[in-house]
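Trainee: If you want the building blocks of each chain, they are given just below.
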Amino acid sequence: MKELLAILIGAVLVENFVLSKFLGICPFLGVSKKTSTAVGMSGAVIFVLVLSQAVTWLVNHYLLVPYELEYLQTIVFILVIATLVQLVETFLKKMIPALYKALGVYLPLITTNCAVLGSALLFVERNYSFIQAVVFGFAAGLGFTLALILFSGVRERLETCDIPEAFKGMPITLIAASLVSISFMGFASLILP
Amino acid sequence: MSVIIPVAIVSGLGLFFGVGLSIASKVFEVKTDERIGKVREMLPGANCGACGFSGCDGLAEAIVNEGVSPDRCPVGGASMVKKISEFMGMAANEVVKKEARVMCNGTCDNAQLKYKYEGIRDCHAANLLAGGAGSCGYGCLGLGSCKEVCPFDAIVIENGVARIIQEKCTGCGKCVAECPKKIIHLVPVTSGFTVFCSNKEKGAVARKACKVACIACRMCAKVCPVNAIDVSDNLAVIDPEKCINCGECEKVCPQNCISDSRARVLA
Chain A
1 MKELLAILIG AVLVENFVLS KFLGICPFLG VSKKTSTAVG MSGAVIFVLV
51 LSQAVTWLVN HYLLVPYELE YLQTIVFILV IATLVQLVET FLKKMIPALY
101 KALGVYLPLI TTNCAVLGSA LLFVERNYSF IQAVVFGFAA GLGFTLALIL
151 FSGVRERLET CDIPEAFKGM PITLIAASLV SISFMGFASL ILP
Chain B
1001 MSVIIPVAIV SGLGLFFGVG LSIASKVFEV KTDERIGKVR EMLPGANCGA
1051 CGFSGCDGLA EAIVNEGVSP DRCPVGGASM VKKISEFMGM AANEVVKKEA
1101 RVMCNGTCDN AQLKYKYEGI RDCHAANLLA GGAGSCGYGC LGLGSCKEVC
1151 PFDAIVIENG VARIIQEKCT GCGKCVAECP KKIIHLVPVT SGFTVFCSNK
1201 EKGAVARKAC KVACIACRMC AKVCPVNAID VSDNLAVIDP EKCINCGECE
1251 KVCPQNCISD SRARVLA
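So the protein sequences, as listed, match chains A and B. Be aware that the first sequence starts at 1, since it is given in our numbering, and climbs by one per residue. Be aware that the second sequence starts at 1001, since it is given in our numbering, and climbs by one per residue.
No lab work stands behind these hints: they were computed from the structure. Each hint should be verified, as a subset may be incorrect.
In silico lysine-lysine, DSS-like type, Cα no more than 25 Å apart, as pairs [unchecked claim]:
hint : chain 1 : residue 1 : chain 2 : residue 2
1    : B       : Lys1211   : B       : Lys1182
2    : A       : Lys33     : A       : Lys21
3    : A       : Lys101    : B       : Lys1200
4    : A       : Lys34     : B       : Lys1147
5    : B       : Lys1251   : A       : Lys93
6    : B       : Lys1168   : B       : Lys1200
7    : B       : Lys1200   : B       : Lys1222
8    : B       : Lys1147   : A       : Lys94
9    : A       : Lys33     : B       : Lys1202
10   : B       : Lys1114   : A       : Lys94
11   : A       : Lys93     : B       : Lys1116
12   : B       : Lys1211   : B       : Lys1114
13   : B       : Lys1038   : A       : Lys94
14   : A       : Lys34     : B       : Lys1222
15   : B       : Lys1147   : A       : Lys168
16   : B       : Lys1114   : B       : Lys1097
17   : B       : Lys1038   : B       : Lys1116
18   : A       : Lys101    : B       : Lys1116
19   : B       : Lys1208   : B       : Lys1251
20   : B       : Lys1222   : B       : Lys1202
21   : A       : Lys93     : B       : Lys1222
22   : B       : Lys1251   : A       : Lys101
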């Protein structure tokens, strides 16, 4: 239990996927313009992450490792993730059309969200058990959510700021992102026993 | 031999996922109007969002379900509009192209200031400070929030007032939604004469704030042969549906706030 808690806090704060590992930067910059879409996107990412962690762990453990096919991990994991995203999309279209509309083009973008693939490859590297891998995926999603929502707040404030012409748009966004990222370095000392 | 196992596993997984997905798409099937797909194919597919919807799919849905005119799409051009209109059974003459017009002529020379604004160059921010710097609480703030959102560079700020470049305007309506003063309106391009004022104050107050304010004297309404002008809330408004572009109102307006917007194009 303590171990799981360590994984949870570690993945959310200490090694936040977006702000410390720099994974999933594309949706981080693409969807963080408004807090409402950021929340929707985060929800979808958590959902996909948890599911994909579970499925990739099973595939890895019962298919790839017994046949010594670890070198196929990347391609098989991508296959799993792409399928899951497609599944989530059809599911949302039917069950929660409002969320489906709000996410729009961003939902298929999760396929190429490297945070999802990254967390799948990381649990292999760290030899996590099934439960650990799922918790790790959930925590990674939470960390992504935290980063996205915090940053969307920053960006909403930036909208009304008097920014020098040369920095308008993406430059100031990237600078702000780096500042938020530096602030997350403070959590590095939170290393758990 | 060692090649066969990985190939079998990967293709097996692919097959499994493929079958799973096609089952899921049957189970979670959403009944959509098949016309939406057809209309979607006729649209350019650029997903630029200039129509104001969430891309070509959004517009196709709106055309079929809500009867939105296909000319909302500025990219496709007349042939596409005609094609979709025919497909949807709309008469082509129902499709009237609209353009945005800024209902204000309160330039720096015409309008008075009540204070000097030195804040953020953004209309929404300025509007929070006692409704902006102009004495007229209804006029254009001239800080260009509409210019920022225009996808076609069709708006310029001239002498403190936003002006639409009619050749470039596609009538997408983004500026209409953006303007905090709500003084940009979509008007059919065929109607020329427009009251370029939005001031709803009484005549004396309006005149004090701006040289070219509508003072609701009703001269235009009296002279109009087709009763197209309605003066209410101390402001004259020309109904583009009724207006026959005779130009009588422009001649009698003592404040010179009515003018022919088509003249700007022709000149």
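Trainee: Against this structure, judge whether each hint is valid.
Mentor: Verification of the supplied hints:
1. Between Lys1211 (chain B) and Lys1182 (chain B), the direct Cα distance comes to roughly 21 Å. Compliance with the 25 Å bound is thereby established for this hinted pair.
2. Between the alpha carbons of Lys33 (chain A) and Lys21 (chain A) the distance comes to roughly 21 Å, so the proposed pair stays at or under 25 Å and holds.
3. Among the hinted pairs, Lys101 (chain A) with Lys1200 (chain B) is inconsistent with the structure: their alpha-carbon atoms are about 39 Å apart, more than 25 Å.
4. Between Lys34 (chain A) and Lys1147 (chain B) the CA atoms are separated by roughly 21 Å; this keeps the pair inside 25 Å, and the hint holds.
5. Restraint check for Lys1251 (chain B) and Lys93 (chain A): the C-alpha separation of about 58 Å exceeds 25 Å, so the hint is violated.
6. As the CA atoms of Lys1168 (chain B) and Lys1200 (chain B) are separated by approximately 30 Å, the hinted pair breaks the 25 Å bound.
7. Restraint check for Lys1200 (chain B) and Lys1222 (chain B): the C-alpha separation of about 19 Å stays at or below 25 Å, so the hint holds.
8. Between Lys1147 (chain B) and Lys94 (chain A) the alpha-carbon distance is near 39 Å, which puts this suggested pair outside the 25 Å criterion.
9. Taking the CA atoms of Lys33 (chain A) and Lys1202 (chain B), the gap is about 42 Å. The hint is violated against a cut of 25 Å.
10. Distance check on the hinted pair: Lys1114 (chain B) and Lys94 (chain A) sit about 55 Å apart at the alpha-carbon level, beyond 25 Å; violated.
11. Restraint check for Lys93 (chain A) and Lys1116 (chain B): the C-alpha separation of about 52 Å exceeds 25 Å, so the hint is violated.
12. About 15 Å separates the Cα atoms of Lys1211 (chain B) and Lys1114 (chain B), which keeps this hinted pair within 25 Å; it holds.
13. A threshold of 25 Å between alpha carbons decides the hint, and for Lys1038 (chain B) with Lys94 (chain A) the separation of about 21 Å falls inside it, so the pair holds.
14. Annotation: proposed proximity of Lys34 (chain A) to Lys1222 (chain B) is violated, straight-line Cα distance about 50 Å (limit 25 Å).
15. At most 25 Å may separate the alpha-carbon atoms for a hinted pair to count; Lys1147 (chain B) and Lys168 (chain A) meet this at roughly 15 Å.
16. Taking the CA atoms of Lys1114 (chain B) and Lys1097 (chain B), the gap is about 38 Å. The hint is violated against a cut of 25 Å.
17. Distance check on the hinted pair: Lys1038 (chain B) and Lys1116 (chain B) sit about 55 Å apart at the alpha-carbon level, beyond 25 Å; violated.
18. Between Lys101 (chain A) and Lys1116 (chain B) the alpha-carbon distance is near 43 Å, which puts this suggested pair outside the 25 Å criterion.
19. For the suggested pair Lys1208 (chain B) and Lys1251 (chain B), the alpha carbons sit about 22 Å apart, so the restraint of at most 25 Å is met.
20. At most 25 Å may separate the alpha-carbon atoms for a hinted pair to count; Lys1222 (chain B) and Lys1202 (chain B) meet this at roughly 19 Å.
21. Pair hint Lys93 (chain A) plus Lys1222 (chain B) does not hold up; C-alpha atoms about 56 Å apart against a cutoff of 25 Å.
22. Simply put, Lys1251 (chain B) and Lys101 (chain A) have alpha-carbon atoms about 51 Å apart, too far for the 25 Å limit, and the pair is violated.
Consistency note: the structure conflicts with the earlier hints numbered 3, 5, 6, 8, 9, 10, 11, 14, 16, 17, 18, 21 and 22.
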